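K.L.:
These protein sequence lines are chains A and B, in that order.
Counting in our numbering, the first sequence runs from 24 upward without gaps.
Counting in our numbering, the second sequence runs from 270 upward without gaps.
Any given hint could turn out to be false.
[As the list claims (entries may be wrong)] Now the in silico label distances, taken between C-beta atoms and shown as ranges:
id: 1; chain 1: A; residue 1: N276; chain 2: B; residue 2: R712; range: 56 to 64 Å
id: 2; chain 1: A; residue 1: N276; chain 2: B; residue 2: Q610; range: 55 to 63 Å
id: 3; chain 1: A; residue 1: L306; chain 2: B; residue 2: R712; range: 54 to 62 Å
id: 4; chain 1: A; residue 1: G182; chain 2: B; residue 2: N605; range: 20 to 28 Å
id: 5; chain 1: B; residue 1: Q610; chain 2: A; residue 2: K155; range: 29 to 37 Å
[Said to hold, decoys possible] Straight-line alpha carbon distances no greater than 25 Å define the calculated DSS-like cross-link-like pairs of lysine-lysine that follow:
id: 6; chain 1: A; residue 1: K112; chain 2: B; residue 2: K290
id: 7; chain 1: A; residue 1: K112; chain 2: A; residue 2: K155
id: 8; chain 1: B; residue 1: K333; chain 2: B; residue 2: K445
id: 9; chain 1: B; residue 1: K333; chain 2: B; residue 2: K362
id: 10; chain 1: B; residue 1: K607; chain 2: B; residue 2: K290
id: 11; chain 1: B; residue 1: K290; chain 2: A; residue 2: K149
The hints are simulated quantities; they were obtained by calculation from the structure and are not laboratory data.
Keep in mind it's a predicted model, so treat the numbers as computed, not measured.
Using N, Cα and C, we set each Cβ at its ideal position, and we do this for glycine too.
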Amino acid sequence: MHAIELENVTKTFGEQTAVDGLSLCVPVGSVYGFIGPNGSGKTTTLRMIMHIIHADRGRLVVLGEQTHAAANDRVGYLPEERGLYRQMKVADLLRFHSQLKGHSATRAEINGWLERMQLLEWGDRKVEALSKGMSQKVQFIATVIARPQLLLLDEPFSGLDPINAEVVREILLELVRAGTTVLFSTHDMAVAESMCDWILMIHKGRKVLDGTLRQIQEEHGGDVLRVRLDWPNGSDRQLRDLPGVAKVTDLGNMQELGLSAGADRQRILEMLMQRGKVEHFELAHSSLRDIFLQIAGGPARASPSGGES
Amino acid sequence: MNGRKTRIIATREYSAAVRSKSFLITLVLLPVMMGGGLIAQKVGQKIGDTSTYHVGVMDCSPGKSFYGTVADAVRRHNDRDIFDSSGRQVRGKFVLETVEPVDWRDPAALDRVRLSLSDRVRGGQLLAFVEIGPAVLSPSKSGGDAATIRYSTNRPTYSDFFSLLQRALPSAVIQKRIANAGVEYQKLQPLLTPPPVVECGLAESSNGKIKYQSQTGQIVNVAVPIVMIMLMFIVTLMGTSPIAGNVVEEKQLRIAEVLLGSVTPFELMIGKLLGGVAVSLTLAAIFFGGAYYLAYSFGMSGYVSGQSIGWFFFFTVVGTFMYGSLFAAAGAACSNIKEVQSFIMPVMLFIALPMFVLGPVLQNPSGAVGMTLSFFPMSAPMVMMLRMTIPPGVPAWQPIVAAASALAATVAFVWAAGRIFRVGILMQGKGANYAAVLRWILRG
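Model the full structure from these sequences, guided by the hints.
P.N.:
Next up, the structure:
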């Protein structure tokens, strides 16, 4: 059973193809991460799922329905650009949004959400009195207050401090435990890695990754060693010379060694210890960030063996 | 379309509008402005005019026959006419200055005197100067300038002295002419008194008795259409014009996309239109109710029929929907309020059209202008309402045809506006031009 099904969906704006033959299935009750560089087509895809804009080609099914009206009340949508009526009182605004979803939240319910977001004393104040962060939180409450079956969130954590980001994360996971399906876009790879059951990467309107984190890492990444060394000098060159090391990435206070197939990790550790003091040695998989950079072709900090590091 | 969602949007729009400062200001200021003329007149009367105005009089008539006439009229004015019933001076006082007559056959000398007097008028020493021509007693012989009474001033709107002259001099000149002809004026005077032409109301039968409309009724019959059309113009504008600004604001503040997560663009637009209609109807009900109460208090409520009231509210609703859809489309097509202002100029001209043709339609309600505009969809609601309230009214079929025409146009406008709204509502950056808007309508 899928909450969202897209089949060969295409959308063009003039000469520009924003989304090109995209297909995806979001399982019910999953947390689905949507990643990709700026302008890759994430927001356009979310808008098409919401039927705010219409696809030129392809098939979209949301909660088993192909029309906007049928599924709309069961879907919560948080756009990337937040917008609230500045002259409305916070509680009235939340009631208005819940009513639009056919829920009509009570004041107690609204207060419950406001308390959870540490905004209880702001319920009777106008939106214009809120700070940007507070507005973000009110916008988030407006999205989830009707307890939708499906949540589409475009950059839900942007603009939130770590404490509030954690509160939002907890609420989302709580909703998922209650059966809600969450699809969100993010530039924060750490959030995608930690929260998502499923990750989809879109690049230049096309799907380039789709699967669980483990599947993606196995398919596109590889094993890496993270080491912190207390060597007097010349560590980079000595690391590149090690057998089985394909590339070296400087992580700041650590070095990440990309391993070639069949590399002997035990042998590498022994050679490192022969050359100096090893403070940290960890075997890990390639991070989502590395895979993202590798596919999107961003400014590489990593360099192939023999290059700069 | 989801009626529940549309109603929620309409309720929010209405609630926001009636709590706005502009609504409250209109509520208070409109009656003040409409009654402003009466108030200003009353205040003007209370303050009064205690000025003294100097007027130069050059009597070139044979024997300076008429200076005395003017002087007598001024004396009567200063002694009697400038005071109200409590004895307080409320009008300006006049002081005459004699100007030595010049030879009318010497145009250069005449010009010099006129220039000198004109300079004194411009300098503020004189209100005006009067020249009584040398041939006023025998106009047929010389004619032209010499047979006239000239009044020159740079304050043509101040008419008290001019009126005084008109009342006193022509009759005095005629009296003198008759006397010069050897006829006794006292015998001739009753024959020369013109019969008055009086405006009267029609006779009507009421409870078996014949009654006549009073003269006040005639005045009210002209005032009613003007008041109703002004009222419809203002309430329609109040309900519709904020829509464009609100839509642009929702685009700029990114509220539109949040709303489109819950409603379709068409539902959003219709909700806004219904909110606008509710605002217009609220204002109309308040003002109409107030006006009707006043009319009832003065026994004049019969001058507006129940049918007219019904049509008034119907055409207000249709007009608000029609113009509101254009404002909504303009808001969606533009990206800031400046663009909106230039974009909606043609719409504003159509809304204001009935105001421009008020005079010709009042003069001849069934004339070409009135007939054409009362069936032309964009002006039909107001112009037909205007024609209906001007006695004797219009045949029953005409408002029905006008309503059908306006309704058909409204449906077309709402449909087109819906297509513009759907494309434009998420557009950022530069607004669309008319060609792009036309493309959106045709292609969706």
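K.L.:
Honestly, do L306/A and R712/B meet the 54 to 62 Å range at C-beta?
P.N.:
Once the Cβ atoms are compared, 58 Å apart, the range 54 to 62 Å for R712/B and L306/A holds.
K.L.:
For the pair we were handed, K112/A and K290/B, check the Cα-Cα distance against 25 Å.
P.N.:
This hinted pair holds, its Cα atoms lying about 17 Å apart.
K.L.:
Go ahead and decide if the range 20 to 28 Å is satisfied by the Cβ distance of G182/A to N605/B.
P.N.:
holds, 25 Å
K.L.:
Regarding the pair K333/B and K362/B, is the alpha-carbon distance no greater than 25 Å?
P.N.:
This hinted pair holds, its Cα atoms lying about 24 Å apart.
K.L.:
Is the distance from the Cβ of N276/A to the Cβ of R712/B consistent with 56 to 64 Å?
P.N.:
holds, 58 Å
K.L.:
Against the range 29 to 37 Å, how does the distance between the Cβ atoms of Q610/B and K155/A compare: consistent or not?
P.N.:
At 30 Å between Cβs, range holds.
K.L.:
Note whether the CB distance of N276/A and Q610/B lies within 55 to 63 Å or breaks it.
P.N.:
holds, 59 Å
K.L.:
Does K290/B lie within 25 Å of K607/B when you go C-alpha to C-alpha?
P.N.:
Holds - the C-alpha atoms of K290/B and K607/B are around 21 Å apart, at most 25 Å.
K.L.:
Compare the distance between the alpha carbons of K112/A and K155/A with 25 Å, and conclude whether the hinted pair is satisfied.
P.N.:
holds, 16 Å
K.L.:
Would you check the hint for K290/B and K149/A, treating anything up to 25 Å between C-alpha atoms as holding?
P.N.:
Answer holds: K290/B to K149/A is near 16 Å, not above 25 Å.
K.L.:
Verify the proposed pairing of K333/B with K445/B, using a straight-line Cα cut of 25 Å.
P.N.:
Since the Cα atoms of K333/B and K445/B sit roughly 12 Å apart, the hinted pair holds (cutoff 25 Å).
Of the numbered hints given earlier, the model fails none.
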